[in-house]
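Colleague: Modelling step: build the complete structure from the supplied sequences, incorporating the hints.
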Amino acid sequence: MLSSSSNPFVRERSVSSTPTQSTLLTDWTSNSGTAINDTNLTQCSNKRGLDITNDSTQGTNKHAYRSPHRSTWTTYETIQQRSLYGQRMFGRRIHVSGRPLLQRYQCHEDQVYYYFFPDGKSCVPFVCDYAHAANNGNLLAVSDEEGRVSILRTDKSNQISEREYHRSFYTHRNAVVDIKWSKDDSSVLSSGGDGKLRIMDVESDECLGTFIGHRSIMKSANWHPTNPHLLVSSGSDGSFNIWDTRFRQLGTNNDAKYVEEESMEGIDIGCYPIYGPIKSVPDAHVEPKSRVKRQRASAVIHAGRTVTCALFYPNDEEKVITSGSFDGTIKLWDCRVGRTPSPLQVTSFQQNGRRKGIADMKIDQSGTRLFSLCTDSSVYMHYMLDLSLPAKRYTDPTYEASLFTIKLSISYDDQFLLAGSTNNSIYVWDIDGDQTQAHTYKGHSDIVSSVAWHKSRNDQFASCSDDFHARIWKA
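First residue of the sequence shown? That's 5 in my numbering, and the numbers climb one at a time after it.
Once the Cα atoms are required to be at most 25 angstroms apart in a straight line, the calculated SDA-like pairs of lysine to any residue come out as:
(1) 184 <-> 371
(2) 366 <-> 345
(3) 446 <-> 104
(4) 184 <-> 271
(5) 125 <-> 449
(6) 459 <-> 116
(7) 184 <-> 169
(8) 459 <-> 385
(9) 323 <-> 199
(10) 184 <-> 120
(11) 323 <-> 230
(12) 184 <-> 250
(13) 323 <-> 229
(14) 446 <-> 403
Each pair of labels, with its calculated beta carbon distance range:
(15) 450 <-> 168: 25 to 31 angstroms
(16) 397 <-> 371: 19 to 25 angstroms
(17) 233 <-> 178: 25 to 31 angstroms
(18) 346 <-> 404: 31 to 37 angstroms
(19) 402 <-> 104: 17 to 23 angstroms
(20) 344 <-> 274: 36 to 42 angstroms
(21) 249 <-> 319: 19 to 25 angstroms
(22) 233 <-> 350: 27 to 33 angstroms
(23) 178 <-> 157: 23 to 29 angstroms
(24) 263 <-> 401: 51 to 57 angstroms
(25) 125 <-> 438: 40 to 46 angstroms
By construction, these hints were calculated from the structure, which means they are not laboratory data.
What you are looking at is a predicted structure, and each value in this text was computed from that prediction instead of being measured.
Idealized CB from N, CA, C, for every residue including glycine.
Modeller: Structure follows, in C-alpha coordinates:
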(Lines of atoms letter the chains of each structure in order from A and count residues from 1; the text may use other names and numbers.)
(Lines give C-alpha, C1' and ligand atoms only; values in the text may rest on other atoms or scores of the structure.)
Protein backbone atom coordinates (compact mmCIF):
# COMPACT_ATOMS: atom_id res chain seq x y z
CA MET A 1 0.00 0.00 0.00
CA LEU A 2 1.25 3.43 -0.81
CA SER A 3 1.87 5.56 2.24
CA SER A 4 0.41 9.03 2.42
CA SER A 5 3.87 10.54 2.31
CA SER A 6 4.73 8.75 -0.93
CA ASN A 7 1.42 9.46 -2.58
CA PRO A 8 0.50 13.13 -2.00
CA PHE A 9 -1.96 13.32 -4.85
CA VAL A 10 -4.14 16.09 -3.48
CA ARG A 11 -2.52 19.48 -3.31
CA GLU A 12 -3.38 23.13 -3.54
CA ARG A 13 -3.21 24.97 -6.84
CA SER A 14 -1.01 28.05 -7.06
CA VAL A 15 0.06 30.18 -10.00
CA SER A 16 3.75 29.47 -9.57
CA SER A 17 3.56 25.81 -8.63
CA THR A 18 5.13 23.17 -10.86
CA PRO A 19 3.17 19.93 -11.50
CA THR A 20 4.57 16.97 -9.66
CA GLN A 21 4.02 13.24 -10.06
CA SER A 22 0.69 13.20 -8.35
CA THR A 23 -2.66 11.82 -9.22
CA LEU A 24 -5.12 14.54 -8.31
CA LEU A 25 -5.05 18.30 -8.01
CA THR A 26 -7.72 20.12 -6.08
CA ASP A 27 -9.43 22.70 -8.23
CA TRP A 28 -10.16 24.94 -5.28
CA THR A 29 -9.17 25.38 -1.69
CA SER A 30 -11.65 26.22 1.01
CA ASN A 31 -12.23 26.39 4.70
CA SER A 32 -12.54 23.11 6.54
CA GLY A 33 -15.95 21.44 6.38
CA THR A 34 -18.31 23.02 8.89
CA ALA A 35 -21.10 21.05 10.50
CA ILE A 36 -24.47 22.77 10.27
CA ASN A 37 -27.96 21.69 11.12
CA ASP A 38 -31.11 21.54 9.03
CA THR A 39 -32.43 24.91 10.27
CA ASN A 40 -29.59 26.91 8.76
CA LEU A 41 -29.12 24.64 5.74
CA THR A 42 -30.61 27.10 3.27
CA GLN A 43 -28.67 30.02 4.69
CA CYS A 44 -25.36 28.19 4.48
CA SER A 45 -25.80 26.26 1.22
CA ASN A 46 -24.34 29.05 -0.87
CA LYS A 47 -21.29 29.61 1.31
CA ARG A 48 -17.98 28.55 -0.16
CA GLY A 49 -16.54 25.14 0.72
CA LEU A 50 -19.13 23.91 3.22
CA ASP A 51 -19.81 20.18 3.44
CA ILE A 52 -23.52 20.21 4.36
CA THR A 53 -24.05 16.47 4.32
CA ASN A 54 -21.70 15.16 6.95
CA ASP A 55 -20.99 16.31 10.50
CA SER A 56 -17.34 15.32 10.52
CA THR A 57 -16.71 16.92 13.90
CA GLN A 58 -19.27 14.73 15.63
CA GLY A 59 -18.82 11.61 13.49
CA THR A 60 -22.58 11.24 13.01
CA ASN A 61 -24.59 10.45 9.90
CA LYS A 62 -26.92 13.29 8.98
CA HIS A 63 -29.21 10.86 7.20
CA ALA A 64 -29.30 8.07 9.76
CA TYR A 65 -32.72 6.62 10.55
CA ARG A 66 -34.73 8.69 12.99
CA SER A 67 -37.83 7.86 14.96
CA PRO A 68 -41.12 8.35 13.03
CA HIS A 69 -42.27 10.49 15.98
CA ARG A 70 -39.54 13.10 15.51
CA SER A 71 -41.01 16.53 14.80
CA THR A 72 -38.41 17.75 12.28
CA TRP A 73 -37.28 15.95 9.14
CA THR A 74 -34.89 16.57 6.29
CA THR A 75 -36.29 16.25 2.77
CA TYR A 76 -34.40 13.00 2.33
CA GLU A 77 -35.82 11.51 5.55
CA THR A 78 -39.35 12.63 4.69
CA ILE A 79 -39.23 10.78 1.38
CA GLN A 80 -37.82 7.70 3.12
CA GLN A 81 -40.63 7.67 5.68
CA ARG A 82 -43.34 8.19 3.08
CA SER A 83 -41.91 5.30 1.12
CA LEU A 84 -41.90 3.06 4.20
CA TYR A 85 -45.13 4.07 5.90
CA GLY A 86 -47.20 5.72 3.16
CA GLN A 87 -50.67 4.51 2.23
CA ARG A 88 -51.02 1.63 -0.16
CA MET A 89 -53.51 1.15 -2.95
CA PHE A 90 -54.31 -2.29 -4.37
CA GLY A 91 -51.31 -3.70 -2.53
CA ARG A 92 -48.85 -1.32 -4.20
CA ARG A 93 -46.99 1.49 -2.51
CA ILE A 94 -48.13 4.95 -3.59
CA HIS A 95 -45.36 6.78 -5.44
CA VAL A 96 -43.98 9.90 -3.77
CA SER A 97 -42.17 12.30 -6.08
CA GLY A 98 -38.45 12.56 -5.48
CA ARG A 99 -38.12 16.02 -7.06
CA PRO A 100 -37.84 17.84 -3.70
CA LEU A 101 -34.71 15.79 -3.00
CA LEU A 102 -33.31 16.21 -6.52
CA GLN A 103 -33.39 19.98 -6.09
CA ARG A 104 -31.04 19.74 -3.10
CA TYR A 105 -27.96 18.25 -4.79
CA GLN A 106 -24.92 20.48 -5.13
CA CYS A 107 -21.25 19.99 -5.85
CA HIS A 108 -19.18 22.17 -3.55
CA GLU A 109 -15.73 23.41 -4.44
CA ASP A 110 -14.04 21.07 -1.98
CA GLN A 111 -15.59 18.04 -3.74
CA VAL A 112 -14.01 18.64 -7.16
CA TYR A 113 -10.93 16.60 -8.17
CA TYR A 114 -8.65 17.42 -11.07
CA TYR A 115 -6.69 14.66 -12.84
CA PHE A 116 -3.37 14.98 -14.62
CA PHE A 117 -0.50 12.87 -15.99
CA PRO A 118 2.87 12.65 -14.22
CA ASP A 119 4.21 15.28 -16.65
CA GLY A 120 1.50 17.73 -15.57
CA LYS A 121 -0.76 17.47 -18.63
CA SER A 122 -4.48 17.08 -18.04
CA CYS A 123 -5.80 13.52 -17.80
CA VAL A 124 -9.39 12.31 -18.32
CA PRO A 125 -11.12 10.34 -15.54
CA PHE A 126 -13.20 7.69 -17.29
CA VAL A 127 -15.38 5.73 -14.88
CA CYS A 128 -16.42 5.90 -11.23
CA ASP A 129 -18.03 3.38 -8.87
CA TYR A 130 -18.98 3.47 -5.18
CA ALA A 131 -18.06 0.73 -2.71
CA HIS A 132 -20.93 -1.31 -1.27
CA ALA A 133 -20.36 -0.97 2.48
CA ALA A 134 -16.72 -0.20 3.31
CA ASN A 135 -16.39 3.07 5.24
CA ASN A 136 -20.22 3.30 5.18
CA GLY A 137 -20.07 3.22 1.39
CA ASN A 138 -18.09 6.47 1.24
CA LEU A 139 -15.32 5.10 -0.98
CA LEU A 140 -15.31 6.06 -4.64
CA ALA A 141 -13.10 4.31 -7.20
CA VAL A 142 -12.20 6.45 -10.22
CA SER A 143 -10.26 5.15 -13.22
CA ASP A 144 -8.36 7.33 -15.68
CA GLU A 145 -6.56 7.24 -19.02
CA GLU A 146 -3.14 6.94 -17.37
CA GLY A 147 -4.01 3.41 -16.22
CA ARG A 148 -4.60 4.34 -12.58
CA VAL A 149 -7.41 3.74 -10.12
CA SER A 150 -7.94 6.35 -7.41
CA ILE A 151 -9.76 5.58 -4.17
CA LEU A 152 -11.43 8.73 -2.83
CA ARG A 153 -12.97 9.17 0.61
CA THR A 154 -16.20 10.99 -0.22
CA ASP A 155 -16.74 11.91 3.44
CA LYS A 156 -13.53 13.96 3.19
CA SER A 157 -12.62 16.93 1.04
CA ASN A 158 -9.99 17.79 -1.56
CA GLN A 159 -8.10 20.02 0.87
CA ILE A 160 -4.41 19.39 1.24
CA SER A 161 -4.88 18.70 4.95
CA GLU A 162 -7.00 15.64 4.04
CA ARG A 163 -4.96 14.25 1.16
CA GLU A 164 -3.90 11.27 3.28
CA TYR A 165 -7.42 9.87 2.96
CA HIS A 166 -7.14 9.56 -0.83
CA ARG A 167 -4.81 7.24 -2.71
CA SER A 168 -4.15 5.69 -6.13
CA PHE A 169 -2.38 2.79 -7.83
CA TYR A 170 -1.64 1.57 -11.35
CA THR A 171 -3.61 -1.31 -12.87
CA HIS A 172 -2.98 -1.19 -16.64
CA ARG A 173 -0.43 0.11 -19.11
CA ASN A 174 -2.99 2.51 -20.57
CA ALA A 175 -6.56 3.72 -20.03
CA VAL A 176 -8.81 1.92 -17.55
CA VAL A 177 -12.21 1.95 -19.28
CA ASP A 178 -14.31 0.25 -16.60
CA ILE A 179 -14.08 -0.33 -12.86
CA LYS A 180 -16.28 -2.34 -10.47
CA TRP A 181 -16.02 -3.03 -6.73
CA SER A 182 -16.30 -6.62 -5.53
CA LYS A 183 -19.26 -7.44 -3.30
CA ASP A 184 -17.07 -7.50 -0.17
CA ASP A 185 -15.21 -4.30 -1.19
CA SER A 186 -11.83 -6.01 -0.83
CA SER A 187 -10.92 -5.65 -4.50
CA VAL A 188 -11.81 -3.91 -7.75
CA LEU A 189 -12.26 -5.36 -11.22
CA SER A 190 -10.73 -3.20 -13.94
CA SER A 191 -10.77 -3.49 -17.71
CA GLY A 192 -8.25 -1.67 -19.85
CA GLY A 193 -7.41 -0.45 -23.28
CA ASP A 194 -4.81 -3.22 -23.38
CA GLY A 195 -7.60 -5.80 -23.77
CA LYS A 196 -7.12 -7.28 -20.29
CA LEU A 197 -9.09 -7.57 -17.08
CA ARG A 198 -7.45 -7.38 -13.68
CA ILE A 199 -8.59 -7.93 -10.12
CA MET A 200 -6.69 -5.61 -7.78
CA ASP A 201 -6.52 -5.80 -3.99
CA VAL A 202 -7.35 -2.31 -2.72
CA GLU A 203 -5.34 -2.71 0.50
CA SER A 204 -2.07 -4.07 -0.88
CA ASP A 205 -2.28 -2.63 -4.44
CA GLU A 206 -1.35 -6.11 -5.68
CA CYS A 207 -2.88 -7.86 -8.66
CA LEU A 208 -4.91 -10.96 -7.73
CA GLY A 209 -5.36 -12.13 -11.31
CA THR A 210 -5.20 -11.11 -14.96
CA PHE A 211 -7.64 -12.32 -17.63
CA ILE A 212 -6.56 -12.46 -21.27
CA GLY A 213 -8.60 -13.38 -24.32
CA HIS A 214 -9.92 -10.19 -25.90
CA ARG A 215 -8.14 -8.99 -29.02
CA SER A 216 -8.89 -5.30 -28.65
CA ILE A 217 -10.02 -2.56 -26.25
CA MET A 218 -12.31 -3.67 -23.46
CA LYS A 219 -15.73 -2.04 -23.12
CA SER A 220 -17.21 -3.49 -19.93
CA ALA A 221 -16.50 -5.89 -17.08
CA ASN A 222 -18.93 -7.11 -14.42
CA TRP A 223 -19.00 -9.48 -11.47
CA HIS A 224 -21.69 -12.10 -11.12
CA PRO A 225 -24.16 -10.68 -8.54
CA THR A 226 -23.86 -13.69 -6.18
CA ASN A 227 -20.91 -15.84 -7.33
CA PRO A 228 -17.59 -14.02 -6.69
CA HIS A 229 -15.69 -16.44 -8.96
CA LEU A 230 -17.59 -15.54 -12.14
CA LEU A 231 -16.91 -12.54 -14.38
CA VAL A 232 -18.25 -11.42 -17.74
CA SER A 233 -16.65 -8.93 -20.12
CA SER A 234 -17.20 -7.42 -23.54
CA GLY A 235 -14.95 -5.70 -26.03
CA SER A 236 -14.61 -3.80 -29.27
CA ASP A 237 -13.45 -7.04 -30.90
CA GLY A 238 -17.14 -8.00 -31.08
CA SER A 239 -17.01 -10.73 -28.44
CA PHE A 240 -18.05 -11.34 -24.87
CA ASN A 241 -16.23 -13.72 -22.52
CA ILE A 242 -17.14 -15.53 -19.31
CA TRP A 243 -14.37 -16.14 -16.76
CA ASP A 244 -14.09 -18.32 -13.67
CA THR A 245 -11.23 -17.90 -11.19
CA ARG A 246 -11.51 -21.62 -10.31
CA PHE A 247 -10.74 -22.83 -13.85
CA ARG A 248 -8.49 -22.26 -16.86
CA GLN A 249 -5.42 -20.85 -15.20
CA LEU A 250 -2.89 -20.49 -18.01
CA GLY A 251 0.11 -19.71 -15.83
CA THR A 252 1.53 -16.78 -13.89
CA ASN A 253 3.05 -13.44 -14.82
CA ASN A 254 6.48 -14.87 -14.00
CA ASP A 255 6.25 -17.47 -16.77
CA ALA A 256 8.60 -16.75 -19.66
CA LYS A 257 5.84 -16.22 -22.24
CA TYR A 258 4.02 -13.69 -20.06
CA VAL A 259 6.88 -11.77 -18.42
CA GLU A 260 7.33 -9.14 -21.13
CA GLU A 261 3.61 -8.80 -21.84
CA GLU A 262 2.66 -8.36 -18.18
CA SER A 263 5.49 -6.11 -17.04
CA MET A 264 4.77 -2.45 -16.34
CA GLU A 265 7.88 -0.29 -16.23
CA GLY A 266 8.75 0.82 -12.72
CA ILE A 267 5.64 -0.77 -11.18
CA ASP A 268 5.52 -4.00 -9.20
CA ILE A 269 2.06 -5.46 -8.66
CA GLY A 270 3.25 -8.83 -7.36
CA CYS A 271 3.05 -12.40 -8.65
CA TYR A 272 -0.40 -13.39 -9.84
CA PRO A 273 -2.22 -16.03 -11.93
CA ILE A 274 -3.29 -15.52 -15.53
CA TYR A 275 -6.63 -16.91 -16.69
CA GLY A 276 -8.29 -17.69 -20.00
CA PRO A 277 -12.07 -17.54 -20.62
CA ILE A 278 -14.24 -20.58 -19.92
CA LYS A 279 -16.67 -19.41 -22.60
CA SER A 280 -15.99 -17.05 -25.49
CA VAL A 281 -18.63 -15.85 -27.95
CA PRO A 282 -17.17 -14.04 -31.00
CA ASP A 283 -19.26 -11.92 -33.37
CA ALA A 284 -21.99 -11.73 -30.75
CA HIS A 285 -23.81 -8.90 -32.52
CA VAL A 286 -23.39 -9.90 -36.13
CA GLU A 287 -26.33 -11.19 -38.16
CA PRO A 288 -25.96 -14.95 -38.80
CA LYS A 289 -25.93 -14.59 -42.60
CA SER A 290 -22.85 -12.40 -42.48
CA ARG A 291 -20.85 -14.35 -39.91
CA VAL A 292 -18.96 -16.46 -42.45
CA LYS A 293 -17.89 -13.37 -44.35
CA ARG A 294 -17.25 -11.60 -41.09
CA GLN A 295 -14.69 -14.16 -39.96
CA ARG A 296 -12.65 -13.30 -43.02
CA ALA A 297 -12.98 -9.54 -42.52
CA SER A 298 -10.20 -7.29 -41.40
CA ALA A 299 -9.71 -6.08 -37.85
CA VAL A 300 -10.77 -2.59 -38.95
CA ILE A 301 -14.24 -3.81 -39.92
CA HIS A 302 -14.26 -5.94 -36.78
CA ALA A 303 -14.27 -2.82 -34.62
CA GLY A 304 -17.67 -1.79 -35.99
CA ARG A 305 -19.43 -4.64 -34.16
CA THR A 306 -18.52 -3.70 -30.60
CA VAL A 307 -20.28 -5.39 -27.70
CA THR A 308 -20.75 -2.35 -25.49
CA CYS A 309 -21.93 -4.12 -22.33
CA ALA A 310 -22.33 -7.64 -20.92
CA LEU A 311 -24.22 -8.54 -17.72
CA PHE A 312 -25.19 -11.76 -16.00
CA TYR A 313 -28.91 -12.45 -15.89
CA PRO A 314 -30.08 -12.17 -12.23
CA ASN A 315 -29.88 -15.40 -10.21
CA ASP A 316 -28.47 -17.31 -13.17
CA GLU A 317 -24.89 -18.33 -13.93
CA GLU A 318 -25.53 -19.47 -17.51
CA LYS A 319 -27.43 -16.55 -19.04
CA VAL A 320 -25.81 -13.33 -20.22
CA ILE A 321 -27.34 -10.10 -21.53
CA THR A 322 -25.33 -8.15 -24.13
CA SER A 323 -25.77 -4.93 -26.09
CA GLY A 324 -24.36 -3.95 -29.47
CA SER A 325 -23.08 -0.71 -30.95
CA PHE A 326 -23.75 -1.47 -34.61
CA ASP A 327 -26.90 -3.58 -34.76
CA GLY A 328 -28.63 -1.71 -31.94
CA THR A 329 -29.82 -4.88 -30.23
CA ILE A 330 -30.01 -6.34 -26.75
CA LYS A 331 -29.59 -10.10 -26.61
CA LEU A 332 -30.23 -12.66 -23.89
CA TRP A 333 -27.82 -15.57 -24.34
CA ASP A 334 -28.03 -19.20 -23.26
CA CYS A 335 -24.43 -20.08 -22.35
CA ARG A 336 -24.90 -23.51 -20.79
CA VAL A 337 -21.92 -25.84 -20.85
CA GLY A 338 -21.88 -28.25 -23.77
CA ARG A 339 -23.99 -26.04 -26.02
CA THR A 340 -23.16 -23.46 -28.63
CA PRO A 341 -24.21 -20.09 -27.15
CA SER A 342 -27.37 -18.81 -28.80
CA PRO A 343 -29.67 -15.81 -28.19
CA LEU A 344 -32.98 -16.56 -26.47
CA GLN A 345 -34.41 -13.05 -26.92
CA VAL A 346 -33.47 -10.09 -29.11
CA THR A 347 -34.53 -6.44 -28.88
CA SER A 348 -33.76 -4.00 -31.69
CA PHE A 349 -33.79 -0.18 -31.57
CA GLN A 350 -34.61 1.79 -34.71
CA GLN A 351 -35.26 5.46 -35.39
CA ASN A 352 -36.50 6.58 -38.81
CA GLY A 353 -35.61 3.16 -40.16
CA ARG A 354 -32.03 3.36 -38.87
CA ARG A 355 -30.73 1.22 -36.05
CA LYS A 356 -29.32 2.94 -32.99
CA GLY A 357 -26.60 1.49 -30.80
CA ILE A 358 -26.72 0.80 -27.07
CA ALA A 359 -24.14 2.62 -24.95
CA ASP A 360 -24.76 1.07 -21.53
CA MET A 361 -27.08 -1.19 -19.53
CA LYS A 362 -27.95 -1.59 -15.85
CA ILE A 363 -30.22 -3.98 -13.93
CA ASP A 364 -32.12 -2.59 -10.96
CA GLN A 365 -31.69 -3.85 -7.38
CA SER A 366 -34.82 -6.01 -7.55
CA GLY A 367 -33.49 -7.80 -10.63
CA THR A 368 -36.80 -7.31 -12.45
CA ARG A 369 -36.00 -4.40 -14.76
CA LEU A 370 -33.27 -3.66 -17.30
CA PHE A 371 -32.40 -0.07 -18.26
CA SER A 372 -30.53 0.63 -21.48
CA LEU A 373 -29.05 3.89 -22.72
CA CYS A 374 -29.53 4.22 -26.48
CA THR A 375 -27.70 6.60 -28.80
CA ASP A 376 -31.06 8.03 -29.88
CA SER A 377 -30.76 10.04 -26.62
CA SER A 378 -33.27 7.89 -24.76
CA VAL A 379 -33.17 5.47 -21.85
CA TYR A 380 -35.39 2.40 -22.21
CA MET A 381 -36.79 0.21 -19.46
CA HIS A 382 -37.47 -3.50 -20.07
CA TYR A 383 -39.02 -6.06 -17.78
CA MET A 384 -36.64 -8.98 -17.40
CA LEU A 385 -39.42 -11.49 -18.09
CA ASP A 386 -39.78 -10.10 -21.62
CA LEU A 387 -36.89 -8.24 -23.20
CA SER A 388 -38.41 -8.24 -26.69
CA LEU A 389 -39.98 -4.77 -26.33
CA PRO A 390 -39.25 -1.85 -23.98
CA ALA A 391 -41.96 -1.00 -21.45
CA LYS A 392 -40.94 2.64 -20.86
CA ARG A 393 -38.86 5.34 -22.49
CA TYR A 394 -37.17 8.17 -20.60
CA THR A 395 -36.36 11.34 -22.51
CA ASP A 396 -35.86 15.06 -22.06
CA PRO A 397 -36.09 17.89 -24.62
CA THR A 398 -32.46 18.82 -23.99
CA TYR A 399 -30.95 15.37 -23.45
CA GLU A 400 -28.14 14.32 -25.80
CA ALA A 401 -26.28 11.02 -25.61
CA SER A 402 -24.76 10.11 -28.95
CA LEU A 403 -21.50 8.52 -27.77
CA PHE A 404 -20.83 4.99 -26.54
CA THR A 405 -18.81 6.24 -23.57
CA ILE A 406 -21.89 7.56 -21.73
CA LYS A 407 -22.92 5.56 -18.64
CA LEU A 408 -26.03 4.92 -16.53
CA SER A 409 -26.58 4.41 -12.80
CA ILE A 410 -29.60 3.42 -10.70
CA SER A 411 -30.07 4.49 -7.08
CA TYR A 412 -29.89 1.82 -4.38
CA ASP A 413 -33.69 2.00 -3.78
CA ASP A 414 -34.57 1.92 -7.51
CA GLN A 415 -36.12 5.38 -7.30
CA PHE A 416 -33.79 7.44 -9.49
CA LEU A 417 -32.13 6.94 -12.87
CA LEU A 418 -28.88 8.84 -13.44
CA ALA A 419 -27.19 9.38 -16.82
CA GLY A 420 -24.28 11.26 -18.31
CA SER A 421 -24.60 13.22 -21.54
CA THR A 422 -22.74 14.74 -24.47
CA ASN A 423 -24.03 18.26 -23.66
CA ASN A 424 -21.99 18.61 -20.45
CA SER A 425 -24.89 18.01 -18.03
CA ILE A 426 -26.06 15.27 -15.67
CA TYR A 427 -29.65 14.03 -16.02
CA VAL A 428 -31.79 12.34 -13.37
CA TRP A 429 -35.26 10.83 -13.82
CA ASP A 430 -37.67 9.76 -11.11
CA ILE A 431 -38.20 6.19 -12.36
CA ASP A 432 -41.88 6.05 -11.41
CA GLY A 433 -42.46 9.73 -12.20
CA ASP A 434 -42.39 11.88 -15.32
CA GLN A 435 -40.64 10.06 -18.16
CA THR A 436 -40.38 13.12 -20.41
CA GLN A 437 -38.74 15.57 -18.03
CA ALA A 438 -35.44 15.04 -16.20
CA HIS A 439 -33.76 17.08 -13.51
CA THR A 440 -30.41 18.42 -14.73
CA TYR A 441 -27.17 19.37 -12.99
CA LYS A 442 -24.58 21.66 -14.53
CA GLY A 443 -20.99 22.09 -13.44
CA HIS A 444 -18.90 20.21 -15.98
CA SER A 445 -17.57 21.98 -19.07
CA ASP A 446 -17.29 18.93 -21.34
CA ILE A 447 -18.88 15.52 -21.97
CA VAL A 448 -20.08 13.77 -18.80
CA SER A 449 -19.09 10.17 -19.43
CA SER A 450 -19.66 8.30 -16.17
CA VAL A 451 -22.04 8.68 -13.23
CA ALA A 452 -22.55 6.61 -10.08
CA TRP A 453 -25.00 6.60 -7.17
CA HIS A 454 -23.99 5.92 -3.59
CA LYS A 455 -24.93 2.27 -2.94
CA SER A 456 -26.63 2.61 0.42
CA ARG A 457 -28.03 6.16 0.48
CA ASN A 458 -29.54 8.67 -1.90
CA ASP A 459 -27.70 11.66 -0.49
CA GLN A 460 -24.77 11.64 -2.93
CA PHE A 461 -23.63 10.66 -6.40
CA ALA A 462 -20.47 11.16 -8.46
CA SER A 463 -19.61 12.10 -12.04
CA CYS A 464 -16.59 12.01 -14.36
CA SER A 465 -16.09 14.29 -17.34
CA ASP A 466 -13.82 14.93 -20.29
CA ASP A 467 -13.09 18.29 -18.64
CA PHE A 468 -10.52 16.34 -16.54
CA HIS A 469 -12.57 16.54 -13.34
CA ALA A 470 -14.46 14.15 -11.10
CA ARG A 471 -17.20 15.68 -8.97
CA ILE A 472 -19.09 14.49 -5.89
CA TRP A 473 -22.63 15.82 -5.57
CA LYS A 474 -24.37 15.87 -2.18
CA ALA A 475 -27.88 16.71 -0.97
